[in-house]
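Novice: Sequence:
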Amino acid sequence: MKSADSSTPPAAGPAPVDRLAALLDRFHVHAELFHTGPLCGLHVFDPAPGRAFLHVLRRGTMEVVHRGAHGLVRTALAEPTLLLFARPVHHEFHNAPVDGADFTCATLDFDGGARNPIVQSLPAMLAVPLAAVDGLAPTLDLLFAEADRVRCGSRLLAGRLFEVLLVQVLRWALDHPTQSGVDRGTLAGLSHPQLARALTALHARPAEPWPLERLAAQAGMSRSAFAAAFKHAVGTTPAAYVLDWRLGLAATRLREGRTVKQVAHELGFAEAGALSKAFRRRYGVSPRGWSGTGYASGG
Numbered sequence: 099m100k101s102a103d104s105s106t107p108p109a110a111g112p113a114p115v116d117r118l119a120a121l122l123d124r125f126h127v128h129a130e131l132f133h134t135g136p137l138c139g140l141h142v143f144d145p146a147p148g149r150a151f152l153h154v155l156r157r158g159t160m161e162v163v164h165r166g167a168h169g170l171v172r173t174a175l176a177e178p179t180l181l182l183f184a185r186p187v188h189h190e191f192h193n194a195p196v197d198g199a200d201f202t203c204a205t206l207d208f209d210g211g212a213r214n215p216i217v218q219s220l221p222a223m224l225a226v227p228l229a230a231v232d233g234l235a236p237t238l239d240l241l242f243a244e245a246d247r248v249r250c251g252s253r254l255l256a257g258r259l260f261e262v263l264l265v266q267v268l269r270w271a272l273d274h275p276t277q278s279g280v281d282r283g284t285l286a287g288l289s290h291p292q293l294a295r296a297l298t299a300l301h302a303r304p305a306e307p308w309p310l311e312r313l314a315a316q317a318g319m320s321r322s323a324f325a326a327a328f329k330h331a332v333g334t335t336p337a338a339y340v341l342d343w344r345l346g347l348a349a350t351r352l353r354e355g356r357t358v359k360q361v362a363h364e365l366g367f368a369e370a371g372a373l374s375k376a377f378r379r380r381y382g383v384s385p386r387g388w389s390g391t392g393y394a395s396g397g
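Letter by letter, the sequence shown follows residues 99 to 397 of my numbering.
Hints may contain errors.
Using C-beta positions, here's what the derived DEER-type ranges look like [claimed, not checked]:
id	residue 1	residue 2	range
1	H133	R379	38 to 46 angstroms
2	H363	H168	24 to 32 angstroms
3	P195	P291	45 to 53 angstroms
4	R380	R253	36 to 44 angstroms
Derived by calculation from the structure, the hints in this document are not laboratory data.
This structure is a prediction, so every number in the text was calculated from the model and none was measured.
Using N, Cα and C, we set each Cβ at its ideal position, and we do this for glycine too.
Model the full assembly from the supplied sequences, consistent with the hints where possible.
Specialist: In C-alpha cells:
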C-alpha cells in the first residue's frame, strides 16, 4: 500500500466572505459625539424618527430603563458596557445623584432610517460588556483621547471612531447571535455560515438575477434546505428579500437624485414601470413622489 504524500497540502475550504462591507457601503451610518463625562441623577433620551444612540459606559454603575416590546425593561450595569439603541427607543439612565457614572455618547443616523436592514435586525437595546469584544481597546483608547480634549477636528474624529466602534460591535453580533439577540432579519442571515455566502453575493451585486436556484448554489445547499433555512433566519422568503433589498437601495438612490429610469437599470428591474409598480406597492407612494417629499428622509 502506498503511503499518503505528506507534502500534499490540505484541501482549501470556502474562501471567507466579508459579511458587512456591501451592507454598510449601501446603507451608510453617520455618528456624532454629543457627550463625554459623568452623568448624575436621571437622564431621559426620548425617541426621534431616524435617530439612534450609541453610549459607552466607561466606569461606574447605573440602571438603564428602556421601553421593550412588553413594557419597561430594567437592566443594572456594573462594568464598562456599550449600549446600542439602533431604533428610536425611549430609554433612561438612573445614576447616583452625585459622582454618577462616566459616559461617552454619540447619536447615530442610519441611512434609510427604519428601512435600514441593520436597524431592522437589531434588538431594541444591545448591551455588550466592553471586555467581551476582542480588539476593542485600541479603538476606545483613541475615542476617549479625542472625546476628552478640545483639539482641532476632535469632534469629527470622535464621530468617525464611533463608526469604527459600531462596525466592531456588529462584527461581534454576527459571531454571537444568541448573546446579541440577533435572531431574525438580515444580520441573523449573515450570522449563518451558508446563508451568509448567498446574502453577501446578493448585497454586492443586486442588479444580477437571483432566482432561488442560484442563491442556493451560492450557499452550497439544496433549494428546499436553503429556502427553509432562509425563512427561519431572515423571516421572509428569498424572493421577497431580493425585491425588498432592491427597493431599499432604490429608495436611497432616488433620494440622492437619480431618475427612476437610472435606478431601474442599476438594480435589475426590467423597466422603470416595473420599479414604479413594486415601489408603490411597498411604500404606498410613487418613486417620484418619494424623492420629492419628506418620505425620503426617514421611515
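Novice: Let me make sure I understand: some of the numbered hints might not hold for this structure. Which ones are they, in numerical order?
Specialist: Structure breaks hint 2 only.
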